[in-house]
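For chain U, the structure is supplied; the task is to place chain F on it using the hints.
One letter stands for each residue in the lines below.
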Amino acid sequence: EAQVTQNPRYLITVTGKKLTVTCSQNMNHEYMSWYRQDPGLGLRQIYYSMNVEVTDKGDVPEGYKVSRKEKRNFPLILESPSPNQTSLYFCASAGHSGGSPLHFGNGTRLTVT
Amino acid sequence: DQQVKQNSPSLSVQEGRISILNCDYTNSMFDYFLWYKKYPAEGPTFLISISSIKDKNEDGRFTVFLNKSAKHLSLHIVPSQPGDSAVYFCAATDSWGKLQFGAGTQVVVTP
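Chains U and F are the protein sequences, given in the same order.
Residues 12 to 124 (my numbering) are what the first sequence spells out, left to right.
Residues 7 to 117 (my numbering) are what the second sequence spells out, left to right.
Please note that a few of the clues may not be correct.
What the hints assert, rightly or not - DSSO-like mimics (lysine-lysine), calculated; alpha carbons at most 27 Å apart, straight line: (1) 11/F with 68/U; (2) 60/F with 104/F; (3) 80/U with 104/F; (4) 104/F with 68/U; (5) 104/F with 76/U; (6) 62/F with 11/F; (7) 104/F with 82/U; (8) 77/F with 68/U; (9) 80/U with 28/U; (10) 82/U with 29/U.
What the hints assert, rightly or not - Between beta-carbon pairs, the in silico distance windows are: (11) 117/F with 27/U: 45 to 55 Å; (12) 112/F with 122/U: 19 to 29 Å; (13) 84/F with 62/U: 16 to 26 Å; (14) 33/U with 37/F: 50 to 60 Å; (15) 27/U with 20/F: 50 to 60 Å; (16) 23/F with 88/U: 39 to 49 Å; (17) 64/U with 16/F: 38 to 48 Å.
Calculated directly from the structure, the hints in this document are not laboratory data.
Glycine included, each C-beta is placed from N, C-alpha and C at the ideal position.
Pulled out of the complex, with its shape left as it was, chain U reads as follows (with noise of 0.2 Å):
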């Protein structure tokens, strides 16, 4: 079945403690990028890669850190995380960039106390 799968779907953790969410696509997609969504602000864009080892910022990369080794694989870090990371995480994959619609994976909540 084709999928996006990111992992784990809930995470709790405290400011300054070191996680990786993990992304990881079946399609053979080439695009990647990960979105965080809060209430009234929709979903912004954090990073994006256009193929292997292209990696290029979003509109709200502060904090987060990103690497596109391998095609299906695109995890998101976040080195020491704080409150305001607090949200709702959603990592996509399409064919290409542009008008090639995302298939979304099924979110992760994290909480940062």
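Relative to the frame of chain U, chain F by itself:
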């Protein structure tokens, strides 16, 4: 800065009637527009899209209209069904991978 705006946070419509969702954008470099639907506890799913070279695209009950001069697009759902109750996000993208979403409109279809 918010370059894609959905000014109606919610919309209530009767089953069988038309739902019209609106979206405005400010960046003239956007060349593709997409609508996504989201149910609670799930990721958004793609609904319909339109390229900037078109002014209308239709897929079953869903039609998207684009007015480039006004930088405005709308999604029409006819007829509305109970399963259409969800949050709808408008999104716009350029050719280089940046994608911006609106804040979303919660649609409630009543019997």
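Against the structure, the hints come out as follows:
1. 11/F with 68/U: Since the Cα atoms of residue 11/F and residue 68/U sit roughly 21 Å apart, the hinted pair holds (cutoff 27 Å).
2. 60/F with 104/F: Holds, at roughly 21 Å.
3. 80/U with 104/F: 20 Å, holds
4. 104/F with 68/U: 9 Å, holds
5. 104/F with 76/U: 17 Å, holds
6. 62/F with 11/F: 20 Å, holds
7. 104/F with 82/U: Status holds; Cα separation ~19 Å.
8. 77/F with 68/U: Answer holds: residue 77/F to residue 68/U is near 25 Å, not above 27 Å.
9. 80/U with 28/U: Roughly 24 Å separates the two Cα atoms, so the pair holds.
10. 82/U with 29/U: Within the cut-off at roughly 24 Å; holds.
11. 117/F with 27/U: 45 to 55 Å: Between residue 117/F and residue 27/U, where Cβ atoms are some 50 Å apart, the hint holds.
12. 112/F with 122/U: 19 to 29 Å: 23 Å, holds
13. 84/F with 62/U: 16 to 26 Å: 39 Å, violated
14. 33/U with 37/F: 50 to 60 Å: 32 Å, violated
15. 27/U with 20/F: 50 to 60 Å: 51 Å, holds
16. 23/F with 88/U: 39 to 49 Å: 47 Å, holds
17. 64/U with 16/F: 38 to 48 Å: 43 Å, holds
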